[in-house]
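Undergrad: Listed in order, the protein sequences are those of chains R and Y. The C-terminal residue of the first sequence carries number 683 in the numbering used here, and the numbering is unbroken. The C-terminal residue of the second sequence carries number 742 in the numbering used here, and the numbering is unbroken.
These are calculated hints, taken from the structure and not from any lab test. Even for Gly, the Cβ is constructed at its ideal location relative to N, Cα and C. Please note that the accuracy of each hint is not assured.
As the list claims (entries may be wrong) - A few chain Y residues that face chain R, going by a derived Cβ cut-off under 7 angstroms, partial list only:
(1) V301
(2) A304
(3) A317
(4) S323
(5) K359
(6) L360
(7) D384
(8) I385
(9) F389
(10) N410
(11) E412
(12) A415
(13) N418
As the list claims (entries may be wrong) - Quick list of the computed label-pair ranges, beta carbon to beta carbon:
(14) N677(R) - N363(Y): 55 to 65 angstroms
(15) V283(Y) - N583(R): 32 to 42 angstroms
(16) A277(Y) - N583(R): 37 to 47 angstroms
(17) V512(R) - E393(Y): 51 to 61 angstroms
(18) K292(Y) - V512(R): 23 to 33 angstroms
(19) T548(R) - D580(Y): 49 to 59 angstroms
(20) D662(R) - D93(Y): 45 to 55 angstroms
(21) K666(R) - E567(Y): 42 to 52 angstroms
(22) N583(R) - L155(Y): 51 to 61 angstroms
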Amino acid sequence: MSEESNSTPPPPPTEDQPIQSSAISIYTPIIYVAILLTTLIVFSISHRKKKFKKLTTLAPIFSESYPKEIYLELKYQTDPKVNEKVLKAALIRRGAESLRRMIKLKETEPFVNALYQKGSIGDEVFERYKIQAKLQELEMQELAMEAEGIKKGWAQTFFPVCQEVTINEALRRRLNATEERGKILSMQWLDDLEKKVEVTVQAEIENGSKVNS
Amino acid sequence: MSQSRYDYDENSETWPYFVLTGLIVPLIPTTISYVWDKLSTSDDDDDEKSNDRTDNWFKTYNHDTLSKFKSNIQSKKLFTKKLLFIIIGWILVIYLCILANSIDIPVNESNFNPWKILGIDELADEKVIKTAYRKLSIKFHPDKVDTSKMSQLEMDQVDNLYVSINKAYKALTDETIKENFLKYGNPDGPSDVKHGIALPKFLIDGPTSPLLVLIYILLIAVILPLVVSSWWNGVKSYTKQGLHVDTASYFLTELINFNPAKLTQISTVLKDISHATEFQLIDKSLTPSKVESLLLSQINRTKLSPNDELLKYKVVSIAPKLILGYIDIASIFRNTEICMKLIDAHRCLIQALNIESSAKINKYKQILQLPGVSIDKLNTLEPIYTLGKLLKKPTISPSEFLSNDNYESILKYASNIPLIEPIDCKFKVPGENYIPPASNVHINLKFFIKSPKQLSKPELSKLSKNVIETQLNELETIENLKNPFKLVEDQPKIKLTNIPPYFPDINYLKENNGWIAFLIVQRDAKLAESPAFLTRVDLSNLKLTPDEFLKNSDAIVSTFKIPLTSPTPKEEGSFQFRLILKNLIYFGSDLEIPLNLNVEDKPITNTSNTKDLYEIEDPDEDSLAGAFAQLRGEKVKKVEYEDDSSDDDSDDSDDDEDGNDNDTLNTSDWTDIDTDTEVEEDALDK
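Based on the provided sequences and hints, a complete structural model is requested.
TA: Below, the structure written as C-alpha cells:
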C-alpha cells in the first residue's frame, strides 16, 4: 500500500475516508479460520475416540459363554489332537447356548423397546442391547462357518440339532429345579407338625407302591 | 468509538429495577408452590395428631437411633433450600424496593409530570390548574426572583424551572400540547428512542473494562455450557420413573437373564435391589453385599453398631422407591413372579419382617406386623392367622394370645388397617352396556373400605340414598361419559391411619400408601398391563362401629377404575383375567378377583330400518341352511346362548388353578374370590 502511494500522487486527504486506520493483515482471517477448523477437528476426533472407548467398555448383557470358550480351547489344542466327535459335540453345545441367547433376545425385544419408549431405561443400556443382538447374529454366522469347516453341508442340519438341545436343556433345568423349589416352599409354608404329617403320608405312599409291585 | 453512543446508569437509577425483575420472576412461582404444598400437607398433619402415636406405648428394639433419624428427616423437611431461597429473596426484594423508592430521579424529557411540577392533584380541574400556575409563575418568574446575588448556575436553574412550569401548564390546557403529552409522554412531541445499559460507565470505559469482558466470557463460554451440560447429564442419568440409569440397566439385564427354573425369593429380589447405584451415592463404602446385609438386618430386626444402624436407615428409606422402580420395569416384561415378590419385599422392609425365614413367621405375618408383637411371645398353638380373626372371633383372649400388656393399643392399631370388601367388579365401556370389539375399556371396581373388626358387608339396600345414587350407580351423564375417572379422582387421597414403627421415612409412607393393582391374563399367568395404583379412597368407614357399618347406612362405597391401554380384541370371544390388589404397606389387605371379558358385536338396532327389506337374511346358525352356509364360509346369525361364554372358557382356562370360571358369566357371582377376610367369615357363619 505504501509503495503504491509513493508512485502515484497522494490522494487529497478527505475526512470521510479514514482508510489507513484499519490495517488488517490478510493473514488475520486465515488464521481465524484455521484456528476454528483445527479446534473443531480436534474436538470431533477426541469425541469419536471417547465414544468408541465407551462402546468397548460397555458390559455385555449376557455373561461369558462357557461352551464357546470350551470349543475354542478344544479346537486349538494340538498336543493330543482332539477327536473330531468331541469337537462336534462341543460345537453343538456352543450352538445350543447361542440359540438360547438368540431366543431370549427375540423374546425380550418388544419389552426393551417399550421400556425405551417409556423412558424407563437409559440410552446406554439400549445401545448395549442392540450391540448384543448384532453380536449374536455374528455368532450365528460364525457357527455356520465352523460347522461347514468341520463337514461340508453340515450347517443345514446343525441348527435344528442345536435347537433340540436348547429346548431339551430348558426342560431339564425346570425339571431338575422342582425338588429344590419344593424344599424351599415347604420350609416357608409348613410347620414342624405339618412336615411330620407329610413325611408319614409320603412313607405310606411308598409302602403302598411297594405292596402293589 | 471514542464517543460512546449509549447511556450508562451513572446515577444507578435503573439497575435496582433490573435486578428486581430478575429476582421476582423465579421468586413468585416458588413462593406460590411452597405455600400450596404447605397448605395441602397441613390437613395431613392435623390428622396425624389425632392418630395414636405408637411411640407412647411401644418402643422398637432400635428406638433411640431410629427416632433420632426420624426427627432429623422431619427437621430437614422443614428447613429446605427452597425456604431459604424464598426468605432471602423476599428480603432482597424489600431492600431493592426501598432503594428504588429512595432514588430521586432528576426531571428530564423522559419523565415529565406536569401535575408534580405544578404541585397539584391529577384529578384537579382547570380552575385549580390555573390558580396553581398563576401562583408559581409569579413566584418563579425570572423578573420577580432576585438574581443579583446568584451565580450563573443558579440563574439557569431558575430559568429552567420557569420554562418547565410553563410547559406543564400548557400540557394541561393547550389542546395540541396535551395530545402530544398523552401520546408520547412529552409535550414536545415524539423524542428519539434511546438505548441504555444498566451499568455504570466506569465499568465499561474505565480500566475495569477487561474485567467485565472476562466476566462475560466466563458467563457465556464456561458457566452457561457447564450449567446446561450438568443439567442435561442429570436428566439423562435418571429415567422418567426417577431411577438411576445404571440401576435401571442392572434391573433390565437381570430380567433378560431371568431363569424361570429358579424360584424367586424375597432374598433374591433384595439382592437385585442392593446393586442399585443410588446406594453408592449415599455413601461410597456401600458395596452391594454391604447393602444386602443391611437390608436383611432390617427385615430380621437385628441391631447393629450405631454407625451401621444409621446407614441402615438411609438404605432402608430409599429401598422401597427402588422396588417400585423395579416393578415398573418387571411389569413391562409381564413377569408376575418377580412383581409379586417385589411387593412382598416392599412390605417386609416396611414392617421389618422376614416372612421367608420360617413357616411360623410366614403364617403369622398379619399378626406380627402389629407393633409390640413378636414371634417368641406369641401363642403359636392358636390358629389366629388373620387380623379379622384376632379382632372378631379369637379362639383365646387377645391378651393371652399376644401376651402383651398393651394389647388394647395393639388391637386398636390392627382395627385401623383398611381392608377392601368388593361389591362389584366388571369391565366397562362408557356409554355401552356390553363390550364391543376394539373399544377402550376400563375395569370398574366398587368396594367398601372396612376395618378388620367389622363383620361381612352391609346390604346394598340399606345404604343411604346419597351413596347409592352417586357412588354405587353412576349416572351416565355427559360429564361422566366424558371423563369416567372423575369419580375416582374426586375421592380424597389415602391418609396414613397408622405409623408402622420400624420404617424410618414417614414421608415415603404418606406418599405411597394404598394398593397396587395387577391385571393378570389367566391363559399364561402373565401381566396384561402395567400396574395401577389405588391411592384415592375415603377411609371414613374405618371409624364406624361394626353396628354402624352393618345395620345403619353410614358406610361409604368407593370406586376404583383401571383404564386398559390396549383396546379390546377385534374378534368376539371371552377372555379371562385376574385382578390382584396388593396393599403396599400391610399384610392381609389383599384381594384377588377373577374377571371375564366378554367381547360381543351386537348389531346396532336402528340399522334394521335402513336395511334392504327384500334382502335374504343370513341363515340361523343352528339351522340346516346355516350349517351349509358355514361350511361355505358365509355369514351366519349367531345364536345367543345364555351360557356360551362358559363353553368357550373351558378351552383356554385349563391352566386356571381354581377351575372356577364356569360361573364368571355373571361377575357379581364370584365363587373363587380370594380375599384375606374370607376365612374367618366362613368360621362365623357356622
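Undergrad: Output the numbers, in ascending order, of every earlier hint that fails for this structure.
TA: Violated hints: 4, 5, 6, 10; rest satisfied.
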